[in-house]
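Please construct the entire structure, taking both the sequences and the accompanying hints into account.
The lines below spell out each chain.
Number of protein chains: 2
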Amino acid sequence: MGGSAISGDLARDALGDRFSVPLFVSRDYSLPPFADRDFLVLASSYSGNTEETLSAYVDAVERGCMVISLSSGGKLEEFSRTLGIPHLHLPSGMLPRTALPFMLIPILTVLNKLEVIPPVEEDVMHASEVLRDILSRNSVGIPTADNSAKKLAVELVGYAPVVYGWGYLSSAAYRVMTDFQENSKVPAKSALLPEADHNEVLGWQAPKNLTALFAVILLRDRGEPKEMKARIEATRDLILKERAGKILEMSAEGETNLQKSLSTVYKGLITSYYLAIANRVDPWKTGAIDLLKKELEIRLKTRDEISTRVEGLKP
Amino acid sequence: MGGSAISGDLARDALGDRFSVPLFVSRDYSLPPFADRDFLVLASSYSGNTEETLSAYVDAVERGCMVISLSSGGKLEEFSRTLGIPHLHLPSGMLPRTALPFMLIPILTVLNKLEVIPPVEEDVMHASEVLRDILSRNSVGIPTADNSAKKLAVELVGYAPVVYGWGYLSSAAYRVMTDFQENSKVPAKSALLPEADHNEVLGWQAPKNLTALFAVILLRDRGEPKEMKARIEATRDLILKERAGKILEMSAEGETNLQKSLSTVYKGLITSYYLAIANRVDPWKTGAIDLLKKELEIRLKTRDEISTRVEGLKP
Numbered sequence: 001m002g003g004s005a006i007s008g009d010l011a012r013d014a015l016g017d018r019f020s021v022p023l024f025v026s027r028d029y030s031l032p033p034f035a036d037r038d039f040l041v042l043a044s045s046y047s048g049n050t051e052e053t054l055s056a057y058v059d060a061v062e063r064g065c066m067v068i069s070l071s072s073g074g075k076l077e078e079f080s081r082t083l084g085i086p087h088l089h090l091p092s093g094m095l096p097r098t099a100l101p102f103m104l105i106p107i108l109t110v111l112n113k114l115e116v117i118p119p120v121e122e123d124v125m126h127a128s129e130v131l132r133d134i135l136s137r138n139s140v141g142i143p144t145a146d147n148s149a150k151k152l153a154v155e156l157v158g159y160a161p162v163v164y165g166w167g168y169l170s171s172a173a174y175r176v177m178t179d180f181q182e183n184s185k186v187p188a189k190s191a192l193l194p195e196a197d198h199n200e201v202l203g204w205q206a207p208k209n210l211t212a213l214f215a216v217i218l219l220r221d222r223g224e225p226k227e228m229k230a231r232i233e234a235t236r237d238l239i240l241k242e243r244a245g246k247i248l249e250m251s252a253e254g255e256t257n258l259q260k261s262l263s264t265v266y267k268g269l270i271t272s273y274y275l276a277i278a279n280r281v282d283p284w285k286t287g288a289i290d291l292l293k294k295e296l297e298i299r300l301k302t303r304d305e306i307s308t309r310v311e312g313l314k315p
Numbered sequence: 316m317g318g319s320a321i322s323g324d325l326a327r328d329a330l331g332d333r334f335s336v337p338l339f340v341s342r343d344y345s346l347p348p349f350a351d352r353d354f355l356v357l358a359s360s361y362s363g364n365t366e367e368t369l370s371a372y373v374d375a376v377e378r379g380c381m382v383i384s385l386s387s388g389g390k391l392e393e394f395s396r397t398l399g400i401p402h403l404h405l406p407s408g409m410l411p412r413t414a415l416p417f418m419l420i421p422i423l424t425v426l427n428k429l430e431v432i433p434p435v436e437e438d439v440m441h442a443s444e445v446l447r448d449i450l451s452r453n454s455v456g457i458p459t460a461d462n463s464a465k466k467l468a469v470e471l472v473g474y475a476p477v478v479y480g481w482g483y484l485s486s487a488a489y490r491v492m493t494d495f496q497e498n499s500k501v502p503a504k505s506a507l508l509p510e511a512d513h514n515e516v517l518g519w520q521a522p523k524n525l526t527a528l529f530a531v532i533l534l535r536d537r538g539e540p541k542e543m544k545a546r547i548e549a550t551r552d553l554i555l556k557e558r559a560g561k562i563l564e565m566s567a568e569g570e571t572n573l574q575k576s577l578s579t580v581y582k583g584l585i586t587s588y589y590l591a592i593a594n595r596v597d598p599w600k601t602g603a604i605d606l607l608k609k610e611l612e613i614r615l616k617t618r619d620e621i622s623t624r625v626e627g628l629k630p
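Quick note, the sequences are listed as chains A and B, same order.
Anchor point for the first sequence: position 284 equals 284 in the numbering used here, and the numbering is continuous, going up by one each time.
Numbers in the numbering used here are just positions in the second sequence, counted from 1, shifted up by 315.
One should not assume that every hint holds.
[What the hints assert, rightly or not] Lysine-lysine pairs mimicking DSS-like chemistry, simulated, CA-CA at most 30 Å apart:
hint : chain 1 : residue 1 : chain 2 : residue 2
1    : A       : Lys208    : A       : Lys229
2    : A       : Lys246    : A       : Lys151
3    : B       : Lys600    : A       : Lys208
4    : A       : Lys229    : B       : Lys608
5    : A       : Lys241    : A       : Lys151
6    : B       : Lys608    : A       : Lys246
7    : A       : Lys285    : B       : Lys523
8    : B       : Lys608    : A       : Lys226
9    : A       : Lys229    : A       : Lys151
10   : B       : Lys541    : B       : Lys466
11   : B       : Lys609    : A       : Lys229
12   : A       : Lys314    : A       : Lys294
13   : A       : Lys241    : B       : Lys523
14   : A       : Lys285    : A       : Lys301
15   : B       : Lys541    : A       : Lys293
16   : B       : Lys544    : A       : Lys294
17   : B       : Lys556    : A       : Lys293
18   : A       : Lys294    : B       : Lys523
19   : A       : Lys241    : B       : Lys616
20   : B       : Lys561    : B       : Lys544
21   : A       : Lys241    : A       : Lys208
Hints listed in this document are in silico derivations from the structure and should not be mistaken for laboratory results.
Given below as structure tokens:
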């Protein structure tokens with residue numbers, strides 16, 4: 001779920017062109033019905049206590065899937081010890097959404113070791129250089145005039161961001177949206193091209209008092225495929241220009257799809273922090289998420305139920 | 316894409332618990348990289364001229380996938396005749412989004428004949444009774460006081476709808492959103508539980524001048540799993556109640572997941588027509604979509620390129 005599941009999406013987007021087998025990202029209490037002994041299940045929850053992940057994890061063990069788990073501790077680590085399931089221990093003490101690299105890189109490493117994808121070390125090393133460079137150009141000390149993340153944040157004050165992604169920037173669009181929701185505490189949405197050109201574009205014909213509240217952020221890349229470049233620009237010039245409150249762009253950097261995707265995610269993250277500051281909200285607070293987690297734990301006692309299932313599976 | 320691709324999503328949602336193999340819905344110019352000779356590709360475009368579908372279709376033929384195509388004519392039918400690919404001819408003259416049953420039922424029938432899913436005739440027959448019943452209770456002649464679709468449409472005037480779905484009502488939520496966009500010409504979004512409880516809920520903490528513009532529609536089902544019921548109600552009572560402009564509900568009907576999903580889609584469709592009338596817009600007009608299609612055809616000449624590829628594949 002949330003910050004943990006997006007690592008799977010980013011892995012698929014970034015290395016999609018090099019994947020030799022299908023990868024599914026599941027965000028529910030159980031696995032898709034066709035998952036059987038031939039499937040490798042990576043159960044990933046940063047806290048190790050996400051009830052949906054724990055439930056899907058036990059489901060995977062019961063079905064006889066090959067299972068590997070990742071967490072910074074919690075029940076997922078405990079259950080894995082009990083059941084003899086390989087577990088990757090992540091450094092603890094972060095917010096799940098800030099632990100993204102610690103969940104993504106192990107997933108890529110495992111997939112490479114299993115020969116599902118080619119080696120990624122070099123790609124990852126260069127990605128971290130790209131991200132460092134982005135941070136240095138957009139850090140707190142750099143004034144707004146020279147700081148594209150601050151500039152973008154200022155433009156977004158008072159608007160609901162709508163992030164348009166496509167292809168290898170699809171899950172980057174989703175993640176940028178959730179960072180605006182979680183850090184900046186603003187309503188946001190994401191949509192994908194070319195699909196949006198077949199339905200969503202008609203929604204922009206509403207009266208301007210509704211559409212002008214949305215600031216569109218188009219994800220761009222100087223290497224974008226010619227079909228996508230034409231779509232993005234036609235959608236921008238023929239549809240959005242007249243109706244959206246604002247049209248902004250955010251450009252991917254780097255050479256590979258992994259670098260492009262992560263650079264976009266990182267720019268969105270930094271922008272979402274500046275927008276939080278501009279909105280006078282605390283980017284670290286997750287009150288509503290915690291409130292719901294506690295309430296559901298009280299109402300459902302899902303973790304107790306899962307513990308019982310784990311007991312029954314003990315070797 | 317659009318009204319054609321959603322049939323694949325609905326098939327997966329509705330029969331997910333009975334699927335013996337994975338089903339992917341692709342909305343792009345090419346297939347996922349792992350699709351090979353072991354894959355069956357259903358190339359579905361109502362018009363038969365959607366450039367993304369034509370491109371992915373030729374991709375599938377080139378890769379040696381087993382291919383079946385569905386359209387009401389167009390290039391897809393023409394290419395299939397040229398290449399000796401089995402083609403299902405659909406009745407013509409509809410808007411793609413109104414042709415949904417004509418695309419969904421053949422997909423289910425083909426999947427059943429290939430023994431991927433169990434027989435669905437009875438399920439489909441009963442679904443059509445459920446839909447007829449919904450129409451009779453919500454038709455134009457029934458006054459608003461007794462007409463839940465008209466009532467819902469009246470509530471939605473001036474708001475941007477946000478449709479919350481989950482599990483077997485996930486693609487129903489997406490389709491209800493696109494029907495509001497396409498028919499009612501309003502900005503809309505959809506989100507899924509439990510995922511939304513891990514990020515989106517924080518976005519509702521924005522100032523009320525932004526959040527109060529959204530009318531949330533919760534998809535419900537009297538048979539919803541207990542975890543989902545608890546989540547929907549906790550999210551509604553603890554998060555949305557204070558912040559959303561409105562909270563509305565739409566209930567699935569019928570016994571099976573197929574019936575529940577289609578009944579929700581149909582209620583959304585009828586509501587979107589009444590909202591179009593309330594908004595004084597023509598639900599049938601698709602100006603922006605057509606404009607983009609024409610512009611991209613001029614800029615890219617994708618269909619000419621695909622024709623050349625088809626020529627090269629001639630047996």
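Structure-based check of each hint:
1. With a C-alpha separation of about 27 Å, the suggested pairing of Lys208 of chain A with Lys229 of chain A holds against the 30 Å cut-off.
2. With a CA separation close to 13 Å, the supplied pair Lys246 of chain A and Lys151 of chain A stays within the 30 Å bound.
3. Our distance criterion of 30 Å between C-alpha atoms is met by Lys600 of chain B and Lys208 of chain A, whose separation comes to about 19 Å.
4. For the hint pairing Lys229 of chain A with Lys608 of chain B, the CA-to-CA distance comes to about 14 Å; that is within 30 Å, so the pair holds.
5. Straight-line distance between C-alpha atoms of Lys241 of chain A and Lys151 of chain A comes to about 20 Å, which keeps the hinted pair within the 30 Å bound.
6. Distance hint between Lys608 of chain B and Lys246 of chain A is fulfilled; the C-alpha atoms sit about 24 Å from each other, no more than 30 Å.
7. Taking the CA atoms of Lys285 of chain A and Lys523 of chain B, the gap is about 19 Å. The hint holds against a cut of 30 Å.
8. Simply put, Lys608 of chain B and Lys226 of chain A have alpha-carbon atoms about 15 Å apart, close enough for the 30 Å limit, and the pair holds.
9. Restraint check: the Cα-Cα separation between Lys229 of chain A and Lys151 of chain A comes to about 24 Å, which is no more than 30 Å; the hinted pair holds.
10. About 28 Å separates the Cα atoms of Lys541 of chain B and Lys466 of chain B, which keeps this hinted pair within 30 Å; it holds.
11. Under the criterion of a C-alpha separation no larger than 30 Å, the hint pairing Lys609 of chain B with Lys229 of chain A is consistent with the structure, at around 16 Å.
12. Of the pairs offered as hints, the one joining Lys314 of chain A and Lys294 of chain A holds, with about 28 Å between alpha carbons and a cut-off of 30 Å not exceeded.
13. Restraint check for Lys241 of chain A and Lys523 of chain B: satisfied, since their Cα atoms lie roughly 26 Å apart, inside the 30 Å limit.
14. Of the supplied pair hints, the one linking Lys285 of chain A and Lys301 of chain A holds, its CA atoms being roughly 25 Å apart against a limit of 30 Å.
15. Straight-line distance between C-alpha atoms of Lys541 of chain B and Lys293 of chain A comes to about 15 Å, which keeps the hinted pair within the 30 Å bound.
16. In summary, the hint linking Lys544 of chain B to Lys294 of chain A is supported, as the alpha carbons are separated by about 16 Å, within the 30 Å threshold.
17. Proximity of Lys556 of chain B to Lys293 of chain A is assessed by CA-CA distance (about 18 Å); at most 30 Å being required, the pair is judged to hold.
18. Distance restraint check for Lys294 of chain A and Lys523 of chain B: the Cα-Cα separation of roughly 25 Å lies within the 30 Å cut-off, and the hinted pair is therefore satisfied.
19. Restraint check: the Cα-Cα separation between Lys241 of chain A and Lys616 of chain B comes to about 24 Å, which is no more than 30 Å; the hinted pair holds.
20. Straight-line distance between C-alpha atoms of Lys561 of chain B and Lys544 of chain B comes to about 19 Å, which keeps the hinted pair within the 30 Å bound.
21. For the given pair, Lys241 of chain A sits about 12 Å from Lys208 of chain A by alpha-carbon distance, which is consistent with the 30 Å threshold.
Checked against the numbered hints above, the structure violates none of them.
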